[in-house]
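Chains as they are written, first to last, in the working numbering: chain B, 57 to 803; chain H, 57 to 803.
Hints were generated in silico from the structure; no laboratory data involved.
Computed from a predicted structure; not experimentally measured.
Wrong hints could be hidden among the right ones.
Copies of the same chain look alike in the list, so a pair counts if it fits in one copy or across any two.
Derived lysine-lysine pairs resembling DSSO-like cross-links, with alpha carbons at most 27 Å apart [what the hints assert, rightly or not]:
1. K280 - K763
2. K763 - K741
3. K757 - K280
4. K368 - K136
5. K368 - K239
6. K763 - K582
7. K399 - K239
Protein chains: 2
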Amino acid sequence: MELVWLIPVAGTAAALYAAWLAYDVLRRDQGTEAMQDVSSMIFEGAMAFLRRQYGTIALLAVVTAVIIGVIVGAVSEGVKEILYDGDAITYGSVEVSQWQEGLLTAIAFLVGAACSGLAGYIGMYISVRSNSRTASAATRSLKEAITVALRGGAVSGFLVVALSLIGVSTIFLIYSEALGNPKAIAPFLIVGFGFGASFVALFAQLGGGIYTKAADVGADLVGKVEAGIPEDDPRNAAVIADLVGDNVGDCAGRGADLFESMSAENIGAMILGVAIYAVTGDLEWIIFPLVLRSFGILATIVGLHSVPLFAKDDANQDPMTPLNRGYYIVSALSVVGLFIATKVMLGDEWYWFFFCGLVGIATGIAFVYITQYYTSGSWRPVREIADASLTGPATTIITGTAVGLETTAATALAIGTALVASFALGSEADIPGVGGFTTGVFGTAVATMGMLMSAAYVLSMDTFGPITDNAGGITEMSGAPESARHITDALDSVGNTTKALTKGYAVASAGLAAFLLFSAYLDKVKERIGYPLNEELPIDLSNVDVFAGGLIGGMLVFLFAGLAIRAVGSAAGDIIEEVRRQFREDPGIMAGTSRPDYGRAVDITARAALRAMILPGLLAVGLPITVGLVFRFTRSEELVLGDRVIDDPSGWLAVSGMLMIGTIVGILLATFFNNVGGAWDNAKKYIEAGNLSVDGKTQGKGTDAHKAAVVGDTVGDPFKDTAGPSLHVLIKLLATITLVMAPLFIP
Amino acid sequence: MELVWLIPVAGTAAALYAAWLAYDVLRRDQGTEAMQDVSSMIFEGAMAFLRRQYGTIALLAVVTAVIIGVIVGAVSEGVKEILYDGDAITYGSVEVSQWQEGLLTAIAFLVGAACSGLAGYIGMYISVRSNSRTASAATRSLKEAITVALRGGAVSGFLVVALSLIGVSTIFLIYSEALGNPKAIAPFLIVGFGFGASFVALFAQLGGGIYTKAADVGADLVGKVEAGIPEDDPRNAAVIADLVGDNVGDCAGRGADLFESMSAENIGAMILGVAIYAVTGDLEWIIFPLVLRSFGILATIVGLHSVPLFAKDDANQDPMTPLNRGYYIVSALSVVGLFIATKVMLGDEWYWFFFCGLVGIATGIAFVYITQYYTSGSWRPVREIADASLTGPATTIITGTAVGLETTAATALAIGTALVASFALGSEADIPGVGGFTTGVFGTAVATMGMLMSAAYVLSMDTFGPITDNAGGITEMSGAPESARHITDALDSVGNTTKALTKGYAVASAGLAAFLLFSAYLDKVKERIGYPLNEELPIDLSNVDVFAGGLIGGMLVFLFAGLAIRAVGSAAGDIIEEVRRQFREDPGIMAGTSRPDYGRAVDITARAALRAMILPGLLAVGLPITVGLVFRFTRSEELVLGDRVIDDPSGWLAVSGMLMIGTIVGILLATFFNNVGGAWDNAKKYIEAGNLSVDGKTQGKGTDAHKAAVVGDTVGDPFKDTAGPSLHVLIKLLATITLVMAPLFIP
């Protein structure tokens, strides 16, 4: 337990650093009055949406917490003491009564939900305060503009990581030390925290994703198509809603997504550590994930703070260069931290886990580059789509779909390789009394932790995206000088890249985290049915319950994505109605003599988006529970495993299949949506930049090829910003909901 | 063995009936000279393509057969006698040496490939001979036109079913009786037949699917867009290739698809029967699938022959009515046949399996209606897409995608319910010494057989599609009277429905067949590793090899679909080049004074399509083998199951995950592609029929809404006619290839 002191140190350091970053950004020059004017409208819109969104989520969360408490309290048998007799792990007397377990799980759920909401709220607050400051900095230098945008984004990144670490550590400490429960069972009591985080993430990402694309599509259709006014024209009442949308999707939504990844991964890894702790008696196996995260935070502070050192006072420098250098520093320091943490904490065979962590760090780096290859105009895939736009929108869509489907290959191979390699390395570790299967799964957990060490940095780069995007809009609308536009354009283009690579990173981390959460779910099942934690409980794919559950899990992913995409359309309809109404009732708007009511458009978009998120959200929460209950109560067979006969396993078997196969399908479909959307977007930008030509004649803006590319971009919008990111969250929600609701499926 | 005599009777009856149908169609009036002229060009093009395609496939098949023979001969340990000691199933001495097994498997592969090819060739021959005869009949009466088109299609349907039944029965008889091998091991020797059928089906469906859409897209782009001439204009050299394409995709391709479903399902069910036969000693359990298929054939002959009785001499009758009545007769007689077969053959508890078969028959009927709901203009989904086309091509694609994703829900729930219900019913059957797991899996096999009893009828309706489609084209190009057009239009529209519902039927049968083929694969693994056939061998989803294999299996489905869609684009490019060349080199074509060289365009399309199918085809064959070998040779862990320790299972575990999860992903993605393509197609037709209006003004042909709908239709073409159907075949190929290549993955 030598490094435990690092957890509060790193947590406090991260929170203080976030506070300093916020202070540093807020004290800067806010720009001209015109800039501040636009910025304050965005700010008000974003805050109004967040208040409304978190209000809805809070209501849903409280109801859900009560339901969780009652269900777990009513159907659970309480948590039993975990014993090791030198051979097998067995279970002793009940340590935590069933109603106590229900109460603690419900409280953990609320704390997880609150931490996630708090991180999202403060991060957004600073993010929408940073845009005019970035626009102002851009009138002076590239270096200053990068610094402001990145630091504004980093507030969100650090808060997310800090609140996840502090939240999980504190609740673990209270549920073990303060309540006097054995440390080996405390991880099972805090699974509610992960579910709370998933719950908020689902609605934040789904609501945010629907909002951002409904505003985008609605503003375009009613402005460009109907009224014939250009994009971002201030006469369009939906224009501010569109700028607000960038923040709620990429900042608040993705922040909640990665908050969930880290929290769920931490808790899952702690549960896996229980099986080793029960045998060895070393608490390090449970605490290790928190310590490694602490090292990641320290590494990220150094890396992030070094970025301005690499930025030159040269407006022609590629802004990606300093960001990449900072990422290398974070990765290098993470390796050092990983070395120290594994060597000090993980016993004699620590080096196997060190290698596992290296696999994870390498996977993170690989995903950053895989995503760039498929979505950047510098490579073959995007150029093929641009070429296809010469023969019209149909071939643009067909070629894009082909490219998008093909991008799943690299993703699946990279995740598969990382899993198998880290499992194989972990299973080499020889810990007396612990089987290779247990150390192997722990190895995949270490790989996931290694990958997520850089989460705060990646998230800072991600939130950099909407800040620079907004800064570009503010610069344009406020009539700032040409040189500033040049800088914000360069930053905006880099922001598109960082947003895309964060999605790749989020998919990969979801894939790795899901595998270990599944193992944690099985440990929970073992604990419930009294099966030794250190023996493998097979979930047989040729079992009809597992297969049918898997088919339904895969279907859930398709259906959820379909509903999310459909929701964008229905919410966009509401905005269009409102903008039409404003045009009709106040002719001064079109004449440019009176200002449209932006706030009302923002509010209507928010209400429509939040209404539209309810159905897919309830489906995601309700279907796993329904499947578990239906299979449990309509089927009655035995599972024979060697000498053991397990009664009525259909419920938890079907849920297992649903969870695992839903995860695989979710990874593939999310990758498809994210990449095809990014590729269409950049094919359009590639054409706009004048890179496409036929017989020596450039096919730029306004040509038929460009129009076809715009169709592709519009189709890709709800794919990459609504369906894809919501699927990452769905994958992890499946894992956390089954963890918490497991007692419902087990007789 | 009381009903065994039925197999040769039904096989002969089916072949004779097919011969009579062919005679009946060919003796009919071929229509006017103009009709015969167009028809003979289609005939020559289709036959030229088939010769070239089957030439390529034959070459690939012979090479593959040699490879199979060598591999199985070199790595297998031979097939051992199966013994039952009153408790467990064990294995005795080697009955078939390893090289003999290799030789027999290779021969079975070639016979399966040859039967599939023969059925496709003869079926196509009659199909493209029926089109002008249908056109001619349409000048006289609807009743006669339906009769000709359905009988032309039924030649293909009956040949496919008859050759599958005769092929499997004959090779089973030779490999057991003639060669003196125990009947219990013969099913393992004939798995090559299923692989041969899959192999031909893959290339037939893929090559045919690429051909048909490349010709369609190429003819449209170069004709309508570039040269500005209408669709189906005889000046367009690609026009005949387009008409040929309808036949090679829907007739030859789908025929090979269902030939494979039936053959693989027969063989898989026979392997599952071995486990019961080994205990009970009743050969009925192995022979039963062949007998049930025989009843299906007899039922179909009656049903098909009754269709003209329901057709009225009234041109306004909906042609779907007599087709549906015929289908009900087939279903009703199938129930009778099922009753007799189960009662006579399946012991005292036969009724459980009777219920399983009923589940299968009901599932077949359900899929016919589910598909109609999602792809017909009479219901909500297609109308929503039509409404979305009012706001342009982007919203048409977005709404269509949402609808397509949602259609997977009904499909997955129906397949899942059928599997669980038939398994639960089957496992109730109490056969002393045989576990509930074994009888349950056999129950799912009976459900699959029940569903496929109507295969010949469904396939006849499917081939009805291209015949009526061609008849419509011939009627138009030959200037036949308006009344004939009215009839062929009605038939063509019904043909679109029957083509769509056959795809739904094919997906469902692929899903059910895959589950039982997977069980057969596990039986083969058990036989190889010496594991009792009547005990469950768990494929643990939380095992990292299974999970990673599953991830790669799911990815294979996405990648394969992407490559298939891409192939359409590249083949279309070749046709466009050729048509352009003909316009350029002979100005008389455009002036209408000289006739374009249709044959050359057909030939170039054929060559391009066959070249384009090689890469995805090799991926489908090569990746499962590569995964099995890589996991086998790079990983070395033990699998502990109770007292048994199995060495080095990673190869076959990874392949198991790949097979099962690839199947689930394949079902979902194929459903998406088939339904979204059908829905876009019918949304366009819905608008063309004048059903869409805004403010009381009809938005028909030529409006912006129609143009947007055409974009949707064009995007959907390669989805529904290339990617979707090829995925059905991929699913089953995965199953048969792993069955045959299993020894490669097992140390």
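Tested hints:
| no. | hint | in the structure |
| --- | --- | --- |
| 1 | K280 - K763 | both (13 Å within a copy, 19 Å between copies) |
| 2 | K763 - K741 | both (12 Å within a copy, 25 Å between copies) |
| 3 | K757 - K280 | both (15 Å within a copy, 25 Å between copies) |
| 4 | K368 - K136 | neither (60 Å within a copy, 75 Å between copies) |
| 5 | K368 - K239 | neither (51 Å within a copy, 80 Å between copies) |
| 6 | K763 - K582 | neither (57 Å within a copy, 59 Å between copies) |
| 7 | K399 - K239 | within (23 Å within a copy, 61 Å between copies) |
Hint compliance for this structure: hints 4, 5 and 6 are broken, all remaining hints hold.
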